[in-house]
Amino acid sequence: MNISYIILIPLVPLAVFLLLGINSQKIKPAISGYIGVLGLSISAALSLYTAYQYFLVQGKVDGVYQTFVSKTVWMKFTETLHIDMGILIDPISVMMLVVVSIVSLMVHIYSRGYMKGDEGYTRFFAFLSLFSFSMYGLVLATNLFQIYIFWELVGVSSFLLIGYYYTKPSAVAAAKKAFIVTRFADLGFLIGILIMGYFAGTYDFQTLNNPEGSVILNWASTSFMGLSVITWALLLIFMGGAGKSAMFPLHIWLPDAMEGPTPVSALIHAATMVVAGVYLVARLFPMFYFVENGFALNIVAYVGAFSSLFAAIIAITQTDIKRVLAFSTMSQIGYMMLALGVSGYDGHEGVGYMASMFHLFTHAMFKALLFLCAGSVIHAVHSNYLKDMGGLRKYMPITNITFLIAALAIAGVPPFAGFWSKDEILVAAFEHNMLIYYVGVFVAGLTAFYMFRIYFGIFWGKEKEYEHAPHESPKSMTFPLLFLAVLSMVAGFIPFSEFVSPDKVGFEAHLNYPLAAIATSVGLLGIILAWIFYKKENSLSDRFAMAFGPFYKWTSDKFYFDEIYLFITKKILFNNVSAPLAKFDKKYVDGTMEGVGNKTVWLSGKIKGLQSGKVQDYAFSFVMGAVIIALVFIYLWTN
Amino acid sequence: MNFSSFLLMRQEILLLTIILLLLVAEISISKSKKQSIVHLALFLFGIHTIIGFFPMETGNLFGGMFRNTALIHFFKNVLNVGVFILLLQSADWLQEKIVDQNKGAEFFILLFSSLLGMYFMISAGDFLMFYLGLELSTLPVAALAAFEVTKRISSEAGIKLILSAALASGVSLFGVSMLYATSGSIYFDEIMAVISSTNLTILGFILFFAGLAFKISLVPFHFWTADVYEGAPISVASYLSVISKGAAVFILMILLFTVLKPLMHVWVNIIYVIAIATMFIGNLFALRQQNMKRFLAFSSIAQAGFILLGLITGTQLGTATIIYFVLIYIFSNLAAFGVVQAISLKTGKENMNDYEGLYRTNPNLSLVMMLALFSLAGIPPVAGFFGKFFLFTAAASEGYYLLVFIAVANVTISLYYYLLVVRAMFLRTSDQAIPYFKNKLYMRLGLLVTVVGILVLGLYSPLYDYIFELSKNLN
Chain A
248 MNISYIILIP LVPLAVFLLL GINSQKIKPA ISGYIGVLGL SISAALSLYT AYQYFLVQGK
308 VDGVYQTFVS KTVWMKFTET LHIDMGILID PISVMMLVVV SIVSLMVHIY SRGYMKGDEG
368 YTRFFAFLSL FSFSMYGLVL ATNLFQIYIF WELVGVSSFL LIGYYYTKPS AVAAAKKAFI
428 VTRFADLGFL IGILIMGYFA GTYDFQTLNN PEGSVILNWA STSFMGLSVI TWALLLIFMG
488 GAGKSAMFPL HIWLPDAMEG PTPVSALIHA ATMVVAGVYL VARLFPMFYF VENGFALNIV
548 AYVGAFSSLF AAIIAITQTD IKRVLAFSTM SQIGYMMLAL GVSGYDGHEG VGYMASMFHL
608 FTHAMFKALL FLCAGSVIHA VHSNYLKDMG GLRKYMPITN ITFLIAALAI AGVPPFAGFW
668 SKDEILVAAF EHNMLIYYVG VFVAGLTAFY MFRIYFGIFW GKEKEYEHAP HESPKSMTFP
728 LLFLAVLSMV AGFIPFSEFV SPDKVGFEAH LNYPLAAIAT SVGLLGIILA WIFYKKENSL
788 SDRFAMAFGP FYKWTSDKFY FDEIYLFITK KILFNNVSAP LAKFDKKYVD GTMEGVGNKT
848 VWLSGKIKGL QSGKVQDYAF SFVMGAVIIA LVFIYLWTN
Chain B
43 MNFSSFLLMR QEILLLTIIL LLLVAEISIS KSKKQSIVHL ALFLFGIHTI IGFFPMETGN
103 LFGGMFRNTA LIHFFKNVLN VGVFILLLQS ADWLQEKIVD QNKGAEFFIL LFSSLLGMYF
163 MISAGDFLMF YLGLELSTLP VAALAAFEVT KRISSEAGIK LILSAALASG VSLFGVSMLY
223 ATSGSIYFDE IMAVISSTNL TILGFILFFA GLAFKISLVP FHFWTADVYE GAPISVASYL
283 SVISKGAAVF ILMILLFTVL KPLMHVWVNI IYVIAIATMF IGNLFALRQQ NMKRFLAFSS
343 IAQAGFILLG LITGTQLGTA TIIYFVLIYI FSNLAAFGVV QAISLKTGKE NMNDYEGLYR
403 TNPNLSLVMM LALFSLAGIP PVAGFFGKFF LFTAAASEGY YLLVFIAVAN VTISLYYYLL
463 VVRAMFLRTS DQAIPYFKNK LYMRLGLLVT VVGILVLGLY SPLYDYIFEL SKNLN
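Just so you know, the protein sequences line up as chains A and B, in that order. Residues 248 to 886 in our numbering are what the first sequence lists, from first letter to last. Residues 43 to 517 in our numbering are what the second sequence lists, from first letter to last.
Bear in mind the hints are in silico, worked out from the structure with no lab data behind them. Every residue gets a Cβ at the ideal spot worked out from N, C-alpha and C, and that includes glycine. Possibly wrong hints are sitting among the right ones.
[Unchecked claim] One side only, chain A facing chain B, incomplete, derived with CB under 7 Å: (1) H626; (2) M793; (3) F795; (4) S851; (5) A866; (6) F867; (7) F869; (8) G872; (9) A873; (10) A877; (11) L878; (12) I881; (13) W884.
[Said to hold, decoys possible] Subject to a maximum C-alpha distance of 25 Å in a straight line, what follows is the list of computed DSS-like cross-link-like pairs (lysine-lysine): (14) B/K76 - A/K855; (15) A/K783 - A/K634; (16) A/K818 - A/K423; (17) B/K193 - B/K76; (18) A/K711 - A/K783; (19) A/K861 - B/K76.
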């Protein structure tokens, strides 16, 4: 399969970024939007073509999906250990290309309407292109170091876009928070990479992931504190993934990241960047599965399950619709993680892996849709808060219908996309770990409940007094909504298991009717409860909140994790470690340096008399210099 | 020896022809058309530079008094390119100030004569030819330094240079006579065969070395530098700091690495001490200079100190790194002098605080200056970084870690004063900032070539490999 043209997929957005970034003052906003959309359309068309070629035409040889790699050595350390730059084509990277392309293109189109009239319009599209470039690069990476480079680039893009409204202090704070928290996690990632490089001797994914390769077979050769060093490396790499994917306890940045423009939340903080952690685990899945009998994979499963439950509970009590969606995202990513965590490797055993990727795919569609709908609503009522919304279904019919479709999809109602992928996840959990299965089912119910809570709150309920009558968004915004709504309805029918599986052979997945029935009824139960509570304005919800008392308060304050982190960093770290260190630095390190500098200048002043300006002095120095050198080197310093 | 072997002296003959042509032109061009002498000289020298790149035979002439090797040929081309850039940068000054006084051709004749002297000096196969070349390269420059006769400071520079140079060459000749006394020959090859480290040889070497150290401005033979640079016309200061110094470094390197190799155990120590002294003195004096020409004078002293790090190694690596460094230094320093020249010509201002706010009014000039200073300071990715880096690598590979450490400390000091200029241009604002002006074509070309050189030389590695290959013949 010819893969050389695939390099264009990341390069086109990069070119757009450079073009718009360098000329941001010169290009008219109207044009920059078109340039951005055009660039992404090219990448998207190439991605879809690649997917078609790979999955349906040329990718399969003897019933196994092949891995195609094209790379050059970038930095060479030893014969085996080198950093390459290149592209790697296999089922999950192609699937991710499709996800990134579709969502990014839709967000580009949507932003043309949503950001209209904004001052930094061109800058916004430049950053979106930078992000798309970085994300494509991340997806196509051939080795740990390359993925790390693009990993940081998406982090930077995310930072720039969250802080897009840089005059708003809360946006600046949120951008910093997102960057620092994920950077902290990436420290673990980097250490993991270095450990891997030292003990496995390579960064290359293909070498690392080979089940018969020396890395996987010899995992037990070196151990540290009771675990194989390779397991340690995997856990540290997972720490990076957990940071990017907002897994507990590194999730605190995601809700705040909602300060960015809503299209950004849809693209980066719902569909693509935040699932990078899932992608990373999937990328190294054979290692996670085989090394130390899947110890690290178990950790992934439990972290995923806990985060999923934790976020779903918080989502119920939030009043800012974007924050509800943010916690919902965290919860759904937890779902993907737990699916990876309970997956096997061969044939049908790999259903968890397949389901995780499937859910990543469908979730990207309906969650991006939810965010874009939320953006449409916010665009209409100029507020993020549920209390300012109600009865909007009359004013915004398209947003209403598409939001409903997305909500049904995430709630797992057949035949919408979320039902199929969620069902596979629950099947995988049921077959491997009952505890995680129960958590999964419970979270499915919670998801349906909180999602319909905001659905009824926004589109039904009592009409609020709006300053001016809300109206449906322009076509540039409703088109992406409709497009993604269609995908949210049909994406579930893609025979995903034939395309994506750990051993790349593919298998046939069947609907497990009893499990599907349980999951669906739990989902419907959640919807009905939400209907009772929120369909009409009533005091039922307040009474429940009262009944739960302090627990409700904890939940709506997100279990005080922000406060705990602030206490640890500000009170303990800053006061007891950073402040003394800063003092030491100022007093002794700076003092020494300044002293040396001052002494140099002082010396320079002292010797200036040597240059008297008199030529006879110069001649004297010349002769004396020669004589002294002669005396010293003839009589004293001889060897 | 047949007639065609004179072609070994092709470059000398050609340059001499140009000098004679200019003499004739001076006589035959009518007074109203004197401006054209600048164009003519530039054109002729441009041709000469291009012809210089044509391949040449290698070999000896006059029983070994004159020799040509691939490395010498390459270095003459380097000097040619440097002089050509210098001429481009000086053309405006000549046309506006010098030609009126009917001294245009004189300038070129003197300058080319000096260059001719350098050719002979670096091609020398014995001490006689070397000494003649040295004198021929120095004396015209003294006249050039005093070229602006209406300025007292220029005459002062001329007289200081001629007095110091006379002393230096006298001492040097005295040294050569001692070497002759102990070895019985003035031919390099014969001296190399018999030389041994007796006290008289070492004394002879030290005195001879002092003469060349004077040209390179090594401490303590450097005192003339600042005064002469300050007083002389900028083109001449630029010539002294770039071309003259480059040629002297080159011949010193050849002599140390071949003829005087048997004395290496002596001269490494001398160079060790002088390197440290030169770096420190150059840098410490540069710290407090306000006049840009004096500033560049001390900076060029400090740069000479860095060159000694390559000289101390005595290896092929050392040779290659020195030539590479000198090449980069020529471009960087010419760029810096070019900007000083352009500004001085338009405004007469030569002080650092006159440069305040220059970036706002003349961004392009400021950027050229910044690049030049970054290159001199050795900030990546401009060429100067690689030049210094390779020099330090060469010294470190011979085990001179302490010396490299001292050099790095000196780079830090130098960074401070180079950045002082950058700060004045970019960060300071001034009510009396130099107003915007546009340079003429020659000056712009002259600056453009240096900028390209600074940017490209650092990144284009085949050039270094080529120099490294050439350096093989020497050792």
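Does A/F869 pass the interface check with chain B, least Cβ-Cβ distance below 7 Å? Holds. Min distance 6 Å.
Just to be careful: measuring from the Cβ of A/A866 to every Cβ in chain B, is the smallest value less than 7 Å? holds (5 Å)
| said: Checking one constraint from the list: CA of B/K193 to CA of B/K76, max 25 Å. Satisfied? | reply: The given pair, whose Cα atoms are some 23 Å apart, holds under the 25 Å limit.
### Task
For the pair supplied as a hint, A/K861 and B/K76, confirm whether the alpha-carbon distance does not exceed 25 Å.
Outside the cut-off at roughly 38 Å; violated.
- How about A/F795: closest beta carbon in chain B under 7 Å, or not? violated (60 Å)
Taking the least C-beta to C-beta distance, is A/F867 closer than 7 Å to chain B? Given a least distance of 10 Å, the restraint on A/F867 is violated.
Would you settle whether the hint for A/G872 is holds or violated, based on the nearest Cβ-Cβ distance to chain B being less than 7 Å?
holds (4 Å)
*Does the nearest C-beta of chain B fall within a distance shorter than 7 Å of the C-beta of A/I881?*
holds (5 Å)
Exercise. Let me know if the C-beta of A/S851 comes in closer than 7 Å to any C-beta of chain B, holds or violated.
Key: holds (4 Å)
Practice problem: Please verify that hint: A/A873, Cβ, nearest Cβ of chain B, below 7 Å or not. | Solution: Hint on A/A873: holds, closest Cβ of chain B at ~4 Å, below 7 Å.
A/A877 as chain B interface residue, shortest Cβ-Cβ below 7 Å:
Given a least distance of 5 Å, the restraint on A/A877 holds.
query = Is the Cα-Cα distance between A/K818 and A/K423 25 Å or less?
reply = holds (19 Å)
Checked against the numbered hints given earlier, this structure breaks hints 1, 2, 3, 6, 11, 14 and 19; the rest are met.
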